[in-house]
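Chains as they are written, first to last, in numbering that gives the first Met the number 0: chain F, 0 to 150; chain Z, 0 to 810.
For the record, the hints were derived by calculation from the structure and aren't laboratory data. Any given hint could be a false lead.
Computed far set for chain Z versus chain F, every beta-carbon distance over 12 Å [claimed, not checked]:
| # | residue |
| --- | --- |
| 1 | 143 |
| 2 | 226 |
| 3 | 243 |
| 4 | 338 |
| 5 | 342 |
| 6 | 546 |
| 7 | 625 |
| 8 | 630 |
| 9 | 766 |
Derived pair list, reagent style EDC-like, types lysine to aspartate or glutamate, alpha-carbon separation capped at 16 Å [said to hold, decoys possible]:
| # | chain 1 | residue 1 | chain 2 | residue 2 |
| --- | --- | --- | --- | --- |
| 10 | F | 85 | Z | 663 |
| 11 | Z | 164 | F | 128 |
| 12 | F | 85 | Z | 45 |
Covered by chain Z, according to a simulated footprint, are these stretches of chain F (three or more residues, beta-carbon under 8 Å) [said to hold, decoys possible]:
| # | region |
| --- | --- |
| 13 | 27-36 |
| 14 | 54-67 |
| 15 | 99-111 |
Glycine included, each C-beta is placed from N, C-alpha and C at the ideal position.
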Amino acid sequence: MQISRSFLRNNRGISEIIASLLLLLIVSAAGAALYASSLSAFSSSSSTFQQQIDQREEQARERFQITAVWWNTVNQLNLTILNYGKIDIAVDAVYINGTPASISSGRGATVGTGELVSVKLASSVLIQDGQTYEIVAASERGSKNAAYWKA
Amino acid sequence: MQLIGKLNQDKRGVSSIIGATFLVFILLSGFTFYILTVNINEDYTDVLQTIDQLDLQKKQENVEFVSVSTTNEDKLNVTVKNAGSHQTHLIWLGIFDETVTPNTQEYHKTDVYINPAETLSNLPEENITILEGQERVIQLVTELGNTFNSNYPPREEATITITGKNCTTAHNPSQWNLLGSTEHVSGSISDLANDDASYVFFRSYQTASSDQPLYAHSETTIISGSPYYLQKLTSADGTATSMSASMDTLGRQLFGKFVYPLTGVNSIPASTWTTYYRAWEDTAPSITFDGVGSGNNGGGSTSISWSHTTGSGSNRIMIVGVSIRTTTVSVSAITYGAQSLAFIRADTHASATIRSELWYLIAPNSGTATVTVTLSESSKATGGSCTYTGVAQTSPIDANSGVTGTSSSPSQSITVGTANSMLLGHVAISGSRDTISLEGTGQTLRWDQETTQGNPDTRNRGHGSDKGPVGAGSQTMSWTLSASADWAVSVVAIKPAPAAVGHADIDILIRQSDGTIRSTIATNVAVSGDLTSTPTTLSGTYAWIAYTVVDQTDYLEIDYYVDVTTAAVGINAYLRIDDTTLAISDQTRITNILLPSEYTAEVEFTGSSNLLNWTQLVWQIDSAWDVGQVTVTIQFFNFTLGDFASSGNGYTSYISSVTPNIDELKSQSIDLNPNDFKNSTGQWRVKIKGVKATSTQFLFKVDWVNFETTYSTTGSTVPYNIWQWYTIRATTAGGGPIPYGYVSIYANGTSVAFRNATDKASIANPAWVRLDARGELQLEIKSTTGSPETFVLYAVVGSVVGKKTITQEVP
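Full structure from sequences and hints, please.
Here it is in structure tokens:
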């Protein structure tokens, strides 16, 4: 009754209440939207960061070594690569004196920890007896291992 | 109500609540993200620390080989010691064989932990066999990724390594195949092994023919002791020669025999030959006075005789005239030496005061003899004889006539049937008072005789004159007497010897080199027209039938003849040959003979090499030709293409030197796909062809065929009988060279030879040799055992032994 009287006494009071309610609603909605957006952005950023860290972590755990190189025939080489890291690896490329070699077998094969893989390749660099060559093996994650081999 | 009132009283209160709420949410969210990020970083850091720890441990890991040996059962026995500061986990054991190509590697899984300072024996856990003398590299692989290598057998303080070097080996042909009709002349396959002017000769064969002339030349060749003139493809180039043949008798008379060697001629195809003869014959001689004799029987008798000398001219005749004062007396016979004359005619004066007779003798003997006239009765008589040459020997009397009369101008005509006849007139005059004061026109006094004793009126005169040669038709002989008298005139016309008639022709035959005739192909062919007394180029044709040469040492023989159809003594026929003054069209020759116009020599050489992977092929061929400017093609067989190379690698062509017999070395280096030029068994082939447009067969001289291949090798195998290069290197324990050290080298193969790879000087097996400044010996070895054999090459410096197991391949 008192409200009714108040309304009856002052017509402007009703308008202010409505206006205040509308304003409150708008501000709340905007704030909620802003918060949600920010939360999503943070979440995405966090996920990306997590992935980057995971990738680095995997790379950090990846260790492999060219344990042996042997001459098959002219310009045909075999590499034996040991995975001594803490994660599976896959050999993706081999470079001889900086020149990519053509891998005929062993590329992309998953090599478990403590396992060996034999990689056969054809050198695009002429292999000459007595010469020393830099042989670099690269994994799919981008890790590298270099060895110097004297033919 | 109170709330509404409150709201109504303070609007900021609601906003503050909302703002505070948001603030709380924001703070909570930020803290959550912070915690999350910290956790991620901590995890990552933990990983890095772990890996770093492993890397550190890896660096500190050290495994030393205490010993590498084999048991009595040839099982590998490795003893290792962990010299590092951490426990080591061995996970692989690798065994490498670097003495073979390709190298072999095998890894054996193991699971052995070695504590620091611990020594562990009897590795590996499984039995691995290594035979005595075998060389291996042993590798241990740890879990941390370290590898530790050792050699078996263990190396001493110094090492000697023997490694095969990229080798260049030369191969020469093992046989040749004659292509086409190429013939091997001399030389053996071994002559092709070196560029040493030791040749293998091949003879070319005819590959094309064309019509060519064969000229008759004056040069001769001897076949089985007999000379034969040569026929050549070239025109006259010598001293002109006139070959002669007598036309005395009928039939074919040989000018000469000409031969053309059939060397290099496979066949002579059919064609129509034309034979050209530069030929002629002697001009028929006219009747010529030879000699005269005369006599009388003085006061009379039954005979008359005188001496007469007859020359040696051909076609002789003797005419005798007899004057008889008694007309009842006649000539019974006349002889010249032992030869009897024949009667021609007699003319007796009607008053019976004088008689004239004419007799003749064909071919009176040369020399001096007595002419004897026998009279039927005794009478005064004179006689005279004339001999002539160039008179027909058959029916020499062309005509005769006679007349008697009484006047001072005896005269008689005669109808001559044969031109160039000679007239002999005999006038017999009764009494000797009157003389011949004048001869008739063209007449020549030959004799004038009178008898003697008694009244001159009882005597008589005989007078002989001749005239000629005269033309055919009526001819007259006359005389002028000093006074009128009874006379009797007898005239005879004697015919000249006929001109010879003949033509040229040929016989064609094949004569063997031993002088015997293989076959007579044609006789009396290519008949020309009749010869004349003027040198003329006559011709005749002959249809030659294709002939296949049986033996190229044979000769094509052309025998030139004159075929005399009318003989004439003393007449010769002539054939002119090799006369450079004559135009070619007038030279004696045969044209349109299909003789070789192109020759080809073609030989394929084959050889063996090796099955290694060549990096380069260099071929060299040194050869020559005994003629200049031969078009030469060299083609190696490309086994990938399945044909002889027609360009580029394995192919070359050139025109040989203008100068014959000049060695020309051709070579080519093939770096791209050199292996295309051998087959699966290492065989290679090369074809050499030489072609020249020539009528003369030529020779191909091959001095050297070299097929040099370069290949990469470890030296574990060597081809049979091929030098292979090895480097023997002595190094100290520190890896430095051992310069100028002496090394003992020895290979225990059945037949292994050594030589210095640099200067190719021979080295004994075994031998002591000095290393160079780099501690190296460049050694070539060659094994020539008849079957595959594996041997060991030893190199020893001090107590350090280097070994290389080498297998010689199948010969």
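Each hint, compared with the structure:
{"no.": "1", "hint": "143", "result": "violated, 6 Å"}
{"no.": "2", "hint": "226", "result": "holds, 70 Å"}
{"no.": "3", "hint": "243", "result": "holds, 83 Å"}
{"no.": "4", "hint": "338", "result": "holds, 111 Å"}
{"no.": "5", "hint": "342", "result": "holds, 120 Å"}
{"no.": "6", "hint": "546", "result": "holds, 61 Å"}
{"no.": "7", "hint": "625", "result": "holds, 45 Å"}
{"no.": "8", "hint": "630", "result": "holds, 39 Å"}
{"no.": "9", "hint": "766", "result": "holds, 25 Å"}
{"no.": "10", "hint": "F:85 - Z:663", "result": "violated, 70 Å"}
{"no.": "11", "hint": "Z:164 - F:128", "result": "holds, 7 Å"}
{"no.": "12", "hint": "F:85 - Z:45", "result": "holds, 13 Å"}
{"no.": "13", "hint": "27-36", "result": "holds (count 3)"}
{"no.": "14", "hint": "54-67", "result": "holds (count 9)"}
{"no.": "15", "hint": "99-111", "result": "violated (count 0)"}
Going down the numbered hints, you'll see the structure goes against 1, 10 and 15, while the others check out.
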